[in-house]
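Asker: Work out the full structure: start from the sequences and follow the hints.
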Amino acid sequence: MAYYSGSVTDFAGLRQALVDTLTGNHGWSWDSGNAELSKGAVIIRLTFDTLRLTASARVTTGSDTGASGNCHVGRIGPAPVYDFVWPVLYRLFVSASPDEVFLVVNHSVDIYQWLAFGQSAISLPGSGVWLGASLLAIVSNIDNGISIEPTGAVGSATNPSLFSSPNTSDFNNGNSYVDHGITSAFGGNWVLGQGIGWRTLLYTQPNTWNSEAILLPLRAWILLPENKIACVAELKTARHIRVDNYEPGQILTLGSDCWMVFPWYRRNLAARNGGGSFGATAHTGTLGWALRYDGP
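The opening position of the sequence shown corresponds to residue 1 in this note's numbering, with each subsequent residue numbered one higher.
Where hints are given, some of them may not hold.
Pairwise CB distance ranges, derived in the manner of DEER restraints [stated by the list, open to error]:
#	residue 1	residue 2	range
1	A41	N245	35 to 43 Å
2	D83	E226	44 to 52 Å
3	D49	G6	20 to 28 Å
4	G33	E247	37 to 45 Å
5	S32	L89	19 to 27 Å
6	Y203	G6	29 to 37 Å
7	P125	D49	15 to 23 Å
8	T23	T253	25 to 33 Å
9	E247	T208	33 to 41 Å
10	S97	S7	28 to 36 Å
11	A270	G33	42 to 50 Å
12	D31	P87	26 to 34 Å
13	T208	D31	48 to 56 Å
14	S256	E234	15 to 23 Å
Honestly, the hints are just simulated from the structure, not real lab data. Virtual Cβ for every residue (Gly too), placed ideally from N, Cα, C.
Answerer: Here you go:
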């Protein structure tokens, strides 16, 4: 998985760094008129203003299309309590077969935000395009702050982790989606992933024997009629992990693989399980993720 890093001073520079890297090194195309990155079935629209860098996906089927045929998903930008302080350090992870792109931004000393998109390796009726970002796309919908409780985001707060919020059919109130094309219990072609299966395992980490945490698969699930579920994405280069004993940006070596560790938003050892009754917190405890790292 290719790795790049750098520093930028505004959202225009952040988008440009992403576009230049993907088009210059990984076979992506950039349509400046429509502000769209594309490769195969993956078409991602990237727009910015003084408050955010927003990602959306081209949706040509189903009823969940947003303005101009794009389903608005999420953004990087200011959140309650913490402003977005420039300059920022970005880290970019890129892989192919299937395509997976992860942009991690470190600002305000210890806050980490992310924007990610790619192609599901699972055969689906839909395009299999997935994407997400730390915060809800609509700025006003983050008024209640951060929430990463076991049941997902509360109220209009955002859960700043990938494929973990409750299902919703409202594309303005989600931060991660998969274009699966399956009829779900919530209707529509785009629904949020569910934190099914891994939550209980994460809450038993790290182990008491050697204080290490296990890398758990990062998957997207949807709820189907008759209380059934389906896995619609499993990322090959990203994993869930508890970050109690790992510093942000620390590299773990497991055999021939290396993984770089991050909190989902901001690490807090004193409240390690997160929280956020109606977004009352501004951290994600020790809940985090790891990205496969092939860097210097």
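Asker: Determine whether the Cβ-Cβ distance between G33 and E247 falls within the hinted range of 37 to 45 Å.
Answerer: 42 Å, holds
Asker: Is 44 to 52 Å a correct range for the gap between the Cβ atoms of D83 and E226?
Answerer: Holds, at about 46 Å.
Asker: For the hint 48 to 56 Å, verify it against the beta carbon of T208 and that of D31.
Answerer: 52 Å, holds
Asker: How does the Cβ-Cβ distance of S32 and L89 compare with 19 to 27 Å: does it lie in that range?
Answerer: Given about 26 Å between the Cβ atoms, the range holds.
Asker: Taking the CB of A41 and the CB of N245, does the distance hold inside 35 to 43 Å?
Answerer: 39 Å, holds
Asker: Holds or violated: 26 to 34 Å for the Cβ distance of D31 and P87?
Answerer: Because 28 Å falls inside the window, the suggested range holds.
Asker: Quick check: does the Cβ-Cβ distance between E247 and T208 fall within 33 to 41 Å?
Answerer: 21 Å, violated
Asker: At the C-beta level, are S97 and S7 separated by a distance inside 28 to 36 Å?
Answerer: 30 Å, holds
Asker: A range of 15 to 23 Å was offered for this pair. Does it hold for the Cβ distance of P125 and D49?
Answerer: 35 Å, violated
Asker: Taking the beta carbons of T23 and T253, is their distance inside 25 to 33 Å?
Answerer: Between T23 and T253, where Cβ atoms are some 31 Å apart, the hint holds.
Asker: Go ahead and decide if the range 15 to 23 Å is satisfied by the Cβ distance of S256 to E234.
Answerer: Holds - the Cβ-Cβ distance for S256 and E234, about 21 Å, lies within 15 to 23 Å.
Asker: Do the beta carbons of A270 and G33 sit within 42 to 50 Å of each other?
Answerer: The hinted range 42 to 50 Å holds for A270 and G33, with Cβ atoms some 49 Å apart.
This entry does not satisfy hints 7, 9, going by the numbered hints stated previously.
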